[in-house]
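J.: Listed below, chain by chain, are the residues.
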Amino acid sequence: MINLGAAVLFTLTGRFGASLWAIASAATIAILVFSVVSWWRFTFVVVDDELVVTKGVLSVERLVIPLDRVQSVSIDQRLLHRLVGLVSASVDTAGSAGAEVEIAAIDVATAEALRRIASDARVAPSTASPLNGTDSPPVLAATRDDLLLGRSFGELAVVGATRVPWAGLAVLAPLLALGDEIGGTIGLGGRIERALERGQDVSAGSTTALFAVIASVVVGAAAFGALLQVVREVLTNWNLALHRTPTGLRRTAGLLNRTSRSSTVRRVQSITTDDTPPQRWLGMTTLTLRTFGDNHISLPGTRQAEMTRVRDIVFGESAPPLDRRISRWFVFLAVRNAAAAALVGTAVLWFRVGWWAAVVLVVVPIRWTVARRQWRLRRWGLSDTGIAESYELVTRHTTETQLFKAQIVSVTQTFFERRRGLATLRVQMADGFLSVPLIGHADAMAVRDRVLGSVATDRRPTL
Amino acid sequence: MDRSEIVPDAATLTNAPISSDGLPHVDDHPFEPLDPTYARVRSVAAGVAAAIVALVAVVGSVLLSSTAPLIAGAAMMILVAAIGIAQRAETNHMGYLVREQDVSFCSGVIGRSVATAAYARVQHVSLEQGPIDRRFGLAAVQLRTAGGSIAIPGLRHDVAERLKELVADRSATLARSEVDDHTDGGDDHVVPADVGRADIGEIDSDAP
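Protein sequences, first through last, are from chains S and Y. Here this note's numbering is used: the first residue of the first sequence is 1, the next is one more, and so on. Here this note's numbering is used: the first residue of the second sequence is 464, the next is one more, and so on.
The hints are simulated quantities; they were obtained by calculation from the structure and are not laboratory data. Do not take every clue at face value.
[As the list claims (entries may be wrong)] One-sided excerpt, in silico: chain Y residues whose CB lies under 8 Å from chain S:
#1 Pro532
#2 Gln564
#3 Thr579
#4 Ile613
Please read all numbers here as calculations on a predicted model, not as lab measurements. Backbone N, C-alpha and C fix where the C-beta goes; we use that ideal spot for every residue, glycine too.
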């Protein structure tokens, strides 16, 4: 809040001068007052197995959360928090998709105590008296959390280097916006223009030189993007570690922003993997445990053995085989849609550039080859207890879930599918979904019935 | 209804694998159609929308004293009328099916869709009535699960009430409540010695 106010003040006074100074300062003061009041009003207290939080400025809100409903307490430390030695804690319950309540800045000891209290309340339900005599099992001291896996700097660097490099360049976008301002003030624009003119003189003579210039620009951009990805990976996942706790899993990571995300095992709705070809060649993938809520547990650079171990803990069953395909009509549909769009584009451009507009039609064979590859690599599969799917173009993505975690199952048919006896199966979990198009209508219905059978007979909780 | 009929008892629980032939098929039974007056409800709703569009067009043309808003309004009304006709036709293809373990809803004319929610996953059920529904004595039942919801519109009010009662009753027995015995697959059953709550005491703090 305070940051926003300061930023608004700075930009406005810098640009527009005194006439808006009054408005800007008034707005900042209002924001400051609001922040102070909302801080004043925010209190939290643990009393009688409940966490009671009071907050609100205009209307006061009082939240009472029974501690044995708390599924996880996530502790984050952003850069600003680090500077003042505080953390922010968010409390998740089974019913909340996001954090039920977020305590913005408290000291580490309090946050850890809150987490410990919450986990104690879950493991030993309040109705069980610790003094209960003969029936209780021999009590064990709370064990140190088991470390399941960790990532070193080298591993993170490899993961970053093998990601798609151009995604890293997106971080430059705001800089480009500002660069206009900055470049104008230091005459950078003039210098770049002169350099470009020199480059053009060099390449004006031969087309191979032109291609060389373009190629070097592309390679340079890719290398720079890869470097940015490495930096990003190392910063966000520094000292990544996954621990097994008495109540579930906890993931800690981060150099500038330290995050600590924990989740119970059953809150995990699905397991997904994402990898690029270089990562697959090196035998690693990014494993993500998608949980109900925002705290997905993401583990880059996971190897097969670690993945098996994590899957055993979370699902306890082996993965469904990815041995089924979708209908070959997928290719036809993709090409048909591309052809329709290309024809429309050609027709529109024909009025501008005449017969050169037909160049747009080259999109169609390209789409055909791409669609053929996509169809070849699109798989799905079913086991007694689970369902999985995978698709790939450059990066491969797989999703896997257990049948009983389905919340809503639907079988839909577009007009195209109906005429050919195909259907789309969609399994919706508490977080995320799994959707397989263009499979046989009877197959889809059979899988749906199997999912519903699993939901009815499997008594395990889904959240 | 006897609870043991619905929920398998731990002693009698069997979980043998079921081949596809042995599973109950959703499409063995025809879906029950919605109440016929629901089509009229949709027509009325479309008519109201068209009336609003007409009103806005007339007011606009009066204020701006030109015929352009009227033409735009006429075009919008044709669109609204077309949508209204399509929606009315769609109600002939909507249906619902209530079974022992789940509820399904099918819809769609050009593209068909069947969505199914099991009682074991239903978190709550609600009965909804818009003003037009109330005039015609219809209601909609909405089943909400953790992953979304299914709404069955166009039911007669008493049918909707009974369906809501049925779903609420079955989901109360079948849906897993949060207060369970912590027997999670994979969680260690560890009871810490000296539950530290007494030591830590209360945490009382005003925190920003």
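J.: Compare the structure with each hint and give your call.
T.: We went through each hint and held it up to the structure:
1. Hint status for Pro532 of chain Y: violated, given a least beta-carbon distance of 29 Å to chain S, over 8 Å.
2. Hint status for Gln564 of chain Y relative to chain S: holds, with the closest Cβ pair at about 4 Å, below 8 Å.
3. With a least beta-carbon distance of about 5 Å to chain S, the hint placing Thr579 of chain Y at the interface is held under the 8 Å criterion.
4. For Ile613 of chain Y, the interface hint holds, since its Cβ comes within 8 Å of a Cβ in chain S; the closest pair sits about 7 Å apart.
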